[in-house]
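Undergrad: Residue numbers (my numbering), protein chains in the order written: chain S, 1 to 428; chain W, 429 to 514.
Note that these hints are calculated values from the structure, not bench results.
Check each hint, because a few of them may be wrong.
Capping the alpha-carbon separation at 30 Å, the derived lysine-lysine pairs in DSS-like fashion look like this [unchecked claim]: (1) S:Lys409 <-> W:Lys453; (2) W:Lys446 <-> S:Lys273; (3) S:Lys420 <-> W:Lys446; (4) W:Lys446 <-> S:Lys149; (5) S:Lys136 <-> S:Lys89; (6) W:Lys453 <-> S:Lys273; (7) S:Lys149 <-> S:Lys89; (8) S:Lys149 <-> S:Lys82; (9) S:Lys409 <-> S:Lys89; (10) S:Lys412 <-> S:Lys82; (11) W:Lys446 <-> S:Lys409; (12) S:Lys311 <-> S:Lys360; (13) W:Lys453 <-> W:Lys433; (14) S:Lys360 <-> W:Lys453; (15) W:Lys433 <-> S:Lys364; (16) S:Lys364 <-> W:Lys434.
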Amino acid sequence: MFNQNGLSLDQAPPISVVFRFFFSGALFGMLAGMLILLFGTAIFDAHSTEAVILTHTLTLGVMLSFMFAALFQMLPVIAGIKLTAPVQKANRLQYPLILGVITLLLAFETAIPWLYGLASLLLGGSIFYIVSVMLKNLFELVHHSASSKGMVIALLSLALVIILALYMTAALSGAINGTYFVQMREGHYSFGLFGWISLLIISISFQVIEMFYVTPPYPRVVSYYLPITLLGLLTATFIAGLFIPSSWVVTDILLAILLTGYALLTLVRLTQKKRPLSDATIWFWRLGLVSLIFSMLTMVITLFVDNDLLKTASYLFFSFFALSIVFSMFYKIVPFLTWFHLNSQGYFTAPMMHEVIHPKTANKHLYIHLATLVTFLLSLYLTPFIYPAGLLTILSFGWITYQIYHAWKLYKHTQETGEKFEMGNINP
Amino acid sequence: MSELKKIDLDARELEHPKPLEHAIKALHELDDESYFYMLHRKNPIPLLDMAQEQGFSTLSREDDAGNWHILVAKNPAIALEELLRV
Chain S
1 MFNQNGLSLD
11 QAPPISVVFR
21 FFFSGALFGM
31 LAGMLILLFG
41 TAIFDAHSTE
51 AVILTHTLTL
61 GVMLSFMFAA
71 LFQMLPVIAG
81 IKLTAPVQKA
91 NRLQYPLILG
101 VITLLLAFET
111 AIPWLYGLAS
121 LLLGGSIFYI
131 VSVMLKNLFE
141 LVHHSASSKG
151 MVIALLSLAL
161 VIILALYMTA
171 ALSGAINGTY
181 FVQMREGHYS
191 FGLFGWISLL
201 IISISFQVIE
211 MFYVTPPYPR
221 VVSYYLPITL
231 LGLLTATFIA
241 GLFIPSSWVV
251 TDILLAILLT
261 GYALLTLVRL
271 TQKKRPLSDA
281 TIWFWRLGLV
291 SLIFSMLTMV
301 ITLFVDNDLL
311 KTASYLFFSF
321 FALSIVFSMF
331 YKIVPFLTWF
341 HLNSQGYFTA
351 PMMHEVIHPK
361 TANKHLYIHL
371 ATLVTFLLSL
381 YLTPFIYPAG
391 LLTILSFGWI
401 TYQIYHAWKL
411 YKHTQETGEK
421 FEMGNINP
Chain W
429 MSELKKIDLD
439 ARELEHPKPL
449 EHAIKALHEL
459 DDESYFYMLH
469 RKNPIPLLDM
479 AQEQGFSTLS
489 REDDAGNWHI
499 LVAKNPAIAL
509 EELLRV
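Produce the complete structure using the sequences and hints provided.
TA: Now the structure itself:
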């Protein structure tokens, strides 16, 4: 978790900041599983209230929490940025975010206008606050890496996603007439899925694939130009789409080509790793990248063939792309942070990384995650499979919740009972 | 000073965070007559920070091939610059 430009120990945020975002994300994941059980296959109709509620539970509750946990941790590592008062900043983001997500879900369910207003205030305020803090720090950087540049672009996309969301909630609450609602919705989810989620994963991968798995670096043309190309494409099409809605068709094809190319390149990079050993984290990456390819492939087909099943499959594969990578990062970050923070505090009895989360534990989660994907796909044809899919979703996020609790317990236990040492005084 | 013992670690092909894990283990073994010499593909700032905070002397230098040579000693009298193989 370090770069050669410099990470000092006191730049890393307190472990609690990262852990509690993971924890709230995992709880929202369990809520998503419960909603799947409640809604059944109604979630497969993208325009249904049920699908909208589930989508926002996953994107805002789960993905945003996990991604901000990673950002709080990775900004010092990848960009050498020290966020001052990280606990205070985390509080200002996390509590309004949790309340805002719940309020928004209730607003979707009840269509009560003031709930949309309250959700907009809570979510807009907290996300804009943290995005502006992170962007300000990133803009002040003298030496940018491909990853830090990509993070800037991803955060700018997130800001756009929120602006478009605010337009939509204002329209839904009746505050404005919402003339451009359809165009804003198109931009909202395009910037959200491709400009924020995909771009953040891609940007971080430029650094972590090489570092975690000892692979050759990405070609410079990819790492430096792919993020800005994606943002440029989305922005140009969004503006053009206000006048010519069909322009998204061309962009979707180009996006599919670019993202499939990225996924194939990363899969090749993973075959070029110097050590033959594989663990669950690398298989989570592979599963995520293959899911991205399937998602793009099905998306392109549905541009020409009107098939609801394929459309749903595309959304499903995209969700598994994002979640698989998030789980991979989780299994790298949590054991490392627990071990590293305790070591840096001088605890002689700090648990080793495999004692925090054993590789076999991550393997078992990989199987649960795979089974979840398979049951979801089966439920497209055999609707009762939606119930095991829901239960497996709860199990998957419950698994993660327990791992965070276990790591936190070990961390606190070591702090309370562990022996401290001064390395310089071990062998007098 | 008697013959110094070198604790070697070539971490260039180890996946993160193994280099840091092995290096911290190696630091525990250091005494006044030994020093740690690591080869790495990055400059491991957290390790150097941690070592310096514990009172070790450290040196890191990148060679022409892009490899980092990291030297750590517990005994401040050990001249790390002279032990550098760059």
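Undergrad: Can you list which hints this structure breaks, lowest number first?
TA: 12, 15 and 16
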